[in-house]
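A.B. asks: Sequence:
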Amino acid sequence: MTCFSLNVKPTFPPFLKGGVGGIFVELWTMAEGECSSKKVWVTDAVTVTALAHDLERLWHRIMSGETSIKPVRRFPVEKYTCRIAALMEDLTRSGGQSLIHDLFDRLFSKTGPVPSDAFLVTATTKAGIDNLERLRQEIPADLNDILLASVPDIASKKLGLEGRAINISAACASSAIAVARGAALIATGRADAVLVCCLDVVTEFVFSGFSSLGALSPVPCMPFDRERSGLSLGEGAAALMLMSRERAEREGMPHLGTVSGWGIAGDAHHITAPARDGRGLIKAIRLALHSAMLKEEDISVISAHGTGTVYNDLMELTVFRHLFGHRRLPVYSVKGAIGHTMGAAGGIEVALGLKTLYEQVVPPTVGLSNPEDNATGLVSPLAREMTGDYLLTTNSGFGGTNAAIILKKGEKM
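All residue numbers for the sequence shown refer to this note's numbering, where the first residue is 1066 and numbers rise by one.
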């Protein structure tokens, strides 16, 4: 077996002039003996969304078919064709701080004890971008909150962490890649405790950007529906505590599930649109299956990206048909309930995926009423019973970034 991991590091390549740096990703491999003994357990999973401020309530409200996509009141939307999103209208700021501080506080108020030596991996697409708007309006605001690098610093200070920290910003696959990075650190023995934190807030800057691309639906999004017309934005956060099995057992931590495999790949196709044939997502899923030492028939359910845009949903259905053939494998999307939470989407969906496996119930796809031809028999507006131990969750983002995570059923939830 060959194990794949992502080595993410800041660097300054020679072809970039003027002191411009960035995050560059290096793919490397390890032999079986170096990685097969380190199992990656999830010992804590916490979510905060517009639909519910904890995972248990979120699960029950999704199972009831509820949605948090409603008219926006945080900023003016009269000039946009879309006027809805899934927002936490009671998010507040203190002084010049961004709304992400309040979101972090809500998340960490429910997070269990975090080891002080835990490696921190955060994920976000825009960090405290609301402060950029305030500065442009000549309202006092903390400039540091706008920087992507501020997110792990803020989280570390709030949690009192002393270990290393990095941030992943890879469009809407950010937090899925963060989970992959954290799992790789544990699997290869570079860490035995990793906290993955992801969050994003919806601001007018973000809203107007998606609107200018024609990506927003004027009605709550309808994943995999033949009448779908775009996505609905949402905001939220998730925290996932990953530990090596050895440390988790030694410290008596609960086993909510196992991150069994992960894969990341790019389309190399278009700056926003996915490749129609799904080549990048196919590669990511195959890498995830390979690292988990599983075959396609071992997967029992798929938590899809399922944004409700015409091309994303078609691409995913093409991929699932290509990889899983004639199997009527149950597929679901939660974005009709909580909106597209951007950099937080993958983390929230991992937490819900663990719940799906534990309960052995496939959540309904809220917003679906008339399935696309290729979705018939796969996606349903109703909850369904399932059997099996492995769930595949996928995320795709602008720039053709694709991530796939395979979860194994845990012992407690």
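Hint data in this document are derived by calculation from the structure and do not stem from the laboratory.
Take these hints with a grain of salt, some might be off.
Distance windows between CB atoms, simulated [claimed, not checked]: (1) R1291 to M1451: 33 to 41 Å; (2) S1129 to L1200: 40 to 48 Å; (3) E1450 to R1291: 20 to 28 Å; (4) G1225 to S1129: 19 to 27 Å; (5) G1442 to P1205: 30 to 38 Å; (6) G1442 to S1129: 46 to 54 Å; (7) D1182 to P1205: 18 to 26 Å; (8) D1182 to N1209: 20 to 28 Å; (9) H1334 to E1143: 15 to 23 Å; (10) P1136 to I1204: 23 to 31 Å.
By construction, the Cβ of each residue, glycine as well, lies at the ideal position given by its N, Cα and C atoms.
A.B. asks: Lying within 18 to 26 Å: is that true of the beta-carbon distance D1182 to P1205?
C.D. replies: Between D1182 and P1205, where Cβ atoms are some 36 Å apart, the hint is violated.
A.B. asks: Does the Cβ pair G1225, S1129 satisfy 19 to 27 Å?
C.D. replies: Once the Cβ atoms are compared, 37 Å apart, the range 19 to 27 Å for S1129 and G1225 is violated.
A.B. asks: For the range 46 to 54 Å, tell me whether the beta carbons of G1442 and S1129 fit it or not.
C.D. replies: violated (23 Å)
A.B. asks: Is the distance from the Cβ of P1136 to the Cβ of I1204 consistent with 23 to 31 Å?
C.D. replies: With a Cβ separation near 24 Å, P1136 and I1204 satisfy 23 to 31 Å, so the hint holds.
A.B. asks: Can you tell me whether the CB distance of D1182 to N1209 sits inside 20 to 28 Å?
C.D. replies: holds (25 Å)
A.B. asks: Starting from the range 20 to 28 Å, see whether the pair E1450 and R1291 falls in it by beta-carbon distance.
C.D. replies: Between E1450 and R1291, where Cβ atoms are some 26 Å apart, the hint holds.
A.B. asks: I want to verify a distance hint. Is the separation of the beta carbons of H1334 and E1143 within 15 to 23 Å?
C.D. replies: violated (35 Å)
A.B. asks: Lying within 40 to 48 Å: is that true of the beta-carbon distance S1129 to L1200?
C.D. replies: Since the Cβ atoms of S1129 and L1200 sit about 41 Å apart, the hinted range of 40 to 48 Å holds.
A.B. asks: Is the distance from the Cβ of R1291 to the Cβ of M1451 consistent with 33 to 41 Å?
C.D. replies: violated (25 Å)
A.B. asks: Is the gap between the beta carbons of G1442 and P1205 within 30 to 38 Å?
C.D. replies: violated (55 Å)
Checked against the numbered hints above, the structure violates hints 1, 4, 5, 6, 7 and 9; every other hint is satisfied.
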